[in-house]
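Student: Each chain is listed here by its residues.
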Amino acid sequence: MKKRITAIILLITKLYILYQNWIIKGNFWGSLEIKLATSFSLLVLLLLSLIVFKPKIFLLLKEKEILYNSWKEFKKNKGGLVGAIIIILLIYLAFCAPFVAPFEPDQIDYSNMNAAAPTIKHLMGTDDFGRDILSRVIYGSRVALGVAFAAVFVNAFIGISLGLISGFYGGKTDTIIMRIVETWNSIPFILLALAIIAALGKNIINVIIAVGLTGLINFARITRSAVLSVKEKEYVKAAKALGGSDYRVIKKHILPNVISPIIVIGSLRVGQAILLVASLSFLGLGVQPPLSSWGTMLKRGQEYLIQAPWISLFSGFAIIITVMSFNLLGDALRDALDPKQIE
Amino acid sequence: MFGYIIKRLLWVIPVLIGVSLILFGIMQMVPGDPASVLLGPKASEEAVETLNKRYGLEEPLHIQYYLLMKNFVTGNLESIYYKTTVIEIIGQKLRATLELGLTALVIAVILAVPIGIIAAVKKNSVFDYLSMMLATLGISIPVFFTGILLIYIFSVILNVLPSSGYGGSLLTLEGWRHLILPAFSLSSILIASTSRLTRSSMLEVLQEDYIRTARAKGVKEKIITNKHALRNALIPVITNIGNQLAMLFGGAILTETVFAWPGIGRLAVTAVSYRDQPLVFGTILVLSFLYVITNLIIDILYVFINPQISYS
Chain A
1047 MKKRITAIIL
1057 LITKLYILYQ
1067 NWIIKGNFWG
1077 SLEIKLATSF
1087 SLLVLLLLSL
1097 IVFKPKIFLL
1107 LKEKEILYNS
1117 WKEFKKNKGG
1127 LVGAIIIILL
1137 IYLAFCAPFV
1147 APFEPDQIDY
1157 SNMNAAAPTI
1167 KHLMGTDDFG
1177 RDILSRVIYG
1187 SRVALGVAFA
1197 AVFVNAFIGI
1207 SLGLISGFYG
1217 GKTDTIIMRI
1227 VETWNSIPFI
1237 LLALAIIAAL
1247 GKNIINVIIA
1257 VGLTGLINFA
1267 RITRSAVLSV
1277 KEKEYVKAAK
1287 ALGGSDYRVI
1297 KKHILPNVIS
1307 PIIVIGSLRV
1317 GQAILLVASL
1327 SFLGLGVQPP
1337 LSSWGTMLKR
1347 GQEYLIQAPW
1357 ISLFSGFAII
1367 ITVMSFNLLG
1377 DALRDALDPK
1387 QIE
Chain B
26 MFGYIIKRLL
36 WVIPVLIGVS
46 LILFGIMQMV
56 PGDPASVLLG
66 PKASEEAVET
76 LNKRYGLEEP
86 LHIQYYLLMK
96 NFVTGNLESI
106 YYKTTVIEII
116 GQKLRATLEL
126 GLTALVIAVI
136 LAVPIGIIAA
146 VKKNSVFDYL
156 SMMLATLGIS
166 IPVFFTGILL
176 IYIFSVILNV
186 LPSSGYGGSL
196 LTLEGWRHLI
206 LPAFSLSSIL
216 IASTSRLTRS
226 SMLEVLQEDY
236 IRTARAKGVK
246 EKIITNKHAL
256 RNALIPVITN
266 IGNQLAMLFG
276 GAILTETVFA
286 WPGIGRLAVT
296 AVSYRDQPLV
306 FGTILVLSFL
316 YVITNLIIDI
326 LYVFINPQIS
336 YS
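If you read the protein sequences in the order shown, they are chains A and B.
To convert, note that position 203 of the first sequence is 1249 in my numbering; the numbers rise steadily by one, no gaps.
To convert, note that position 230 of the second sequence is 255 in my numbering; the numbers rise steadily by one, no gaps.
There's no promise every hint is true.
To be verified - Calculated pairs, DMTMM-like style, for lysine to aspartate or glutamate (alpha carbon to alpha carbon, straight line, at most 20 Å):
1) Lys1060(A) with Glu1079(A)
2) Lys1124(A) with Asp153(B)
3) Lys108(B) with Glu71(B)
4) Lys247(B) with Glu233(B)
5) Lys1121(A) with Asp1377(A)
6) Lys32(B) with Glu1079(A)
Stated by the list, open to error - Derived list of chain A stretches under chain B, where covered just means 3 residues or more per stretch with a C-beta under 8 Å from a C-beta of chain B:
7) 1312-1326
8) 1350-1360
To be verified - If we take Cβ atoms under 10 Å as the criterion, some of the chain A residues that face chain B in the derived model are:
9) Ala1241
10) Val1276
11) Leu1288
By construction, these hints were calculated from the structure, which means they are not laboratory data.
Idealized CB from N, CA, C, for every residue including glycine.
With these hints in hand, go ahead and build the complete structure from the sequences.
Tutor: Laid out in structure tokens, this is it:
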């Protein structure tokens, strides 16, 4: 019952936001970001109304025993739950930024130029150009999450491939790959990212590449050890004996068994990636202005620390909350999915 | 044991060569003609040609690498932006970075280990909850934000410490006054993870049989914690400090930028913004060398601290 009431409240809030944007402002299908926001809103609407009107559909999920058991374990950890809720909220904010943010991120309020203090109109104040900080923080979540997820995807793809190859073939291939990965890891990761950006130049794609190429060792090592533990099992041998190609055996029989430690590492890595992207932006080498990102806002805020501390404080808090949520989620997932395999 | 140490020492050589090869490989990713990228679009043809000759940019890759390393080691590698040799510039900045890094390391160890021990001994007390909450927070705070918060509190509001810059020699009070804030913000990363790990490893050790035996014999609780438990609990902590050093080296870049600290980290950032490839190569190589060597020292210390494990 409690869940249903929450869902109804969320549904009403969502409908109100949509009423404001679609009917009053006529913001329905304009630029790409509004299209994204509208499609995402429809999805949220569908999900919420399913929870309210047809909750039985979700019972199907309960029948999958593994999923249900890990969910039960996961629910015990309050920190992980809080982290997950904040992350869902952040993803919602990132997609629906044009519907939720009170102002455009680069809209200048001429009556509040030169970093005005927080008021009711500008809840977090304005920056030195008179731009609303709250809106910029909300839009910043797009950059932070988008770049971090993309970077972790690159990271996971390369790291997992290396780990799979190394664990599956063993022998010399294993030694060579792991030695290369270890050497790669002996350059501190911010330095590695700096070197890559120095070579490729500063822009958002290069930030993704740079962050995606650091810290490969986490994914590679975890995957490799997981592969080693399942490689000698009967079903893998049987699949090989039946004439399955290496690619098929890896994809169908090994990868599904190593997925849970990868999910845990993945969620911890997203937090790390957000920190790294923010650090690069703070150094002026990551996301470039006028795109609003938390790191760049902090950098500008530092120059106005005496007159307008709110510029840097709020963007800093946004980073802390996001990173902490991913860390909490990662820890909770680790406890829920498989504690032994990861430690 | 000495065989292990020698083996470990020798292993550093291929790692260092590997690091320089990786950096060289990354430098090759520069799109277009490297000389014109280095000198900018307005460079004259002559300048491009001199540079090409100087670094052998038209030679095959292995000769380029050889020339780069030879120039770097003999101190002939020249920065494009500063117009002096890379070794010389790094030499001027190395001291500030080492002072900052070592002070941060010392602060972290002095604070984190006792916090972890007290939290473990007084498990579930207010101190335990409070310190572990702070530690969880500490892992998630970007080090530059810690720096900004410290500046805001101690320089802007309280106005007791300088907000940035280098105060000169550490023999003077001014030098220390300038060092405190950067060193504290840099050490915050290490304090958080080290105190968490000290606590959990201490808790684990305190449940061992030999601790119970010591208690049964009537040994004082203080001696049990300080003598029997701590020694074994510190082993994973030291490994962790080794692993976290990468964070410390990376964090040094950010801390130096926040506090305008004239170290190698800030030099690396300047070099990257000007796309001064020789200087980027030099600074990152030196910082990575430092990292590899500190890790080596920790690995060797490990041998002495942990006599249970046989190295052969």
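Student: Now tell me, hint by hint, if it's right for this structure.
Tutor: These are the hints, each one checked on the structure:
no.	hint	result
1	Lys1060(A) with Glu1079(A)	holds (18 Å)
2	Lys1124(A) with Asp153(B)	holds (18 Å)
3	Lys108(B) with Glu71(B)	holds (17 Å)
4	Lys247(B) with Glu233(B)	holds (16 Å)
5	Lys1121(A) with Asp1377(A)	holds (13 Å)
6	Lys32(B) with Glu1079(A)	violated (57 Å)
7	1312-1326	holds (count 4)
8	1350-1360	holds (count 5)
9	Ala1241	holds (5 Å)
10	Val1276	violated (27 Å)
11	Leu1288	violated (41 Å)
The structure does not agree with the numbered hints 6, 10, 11 stated previously, though it agrees with the rest.
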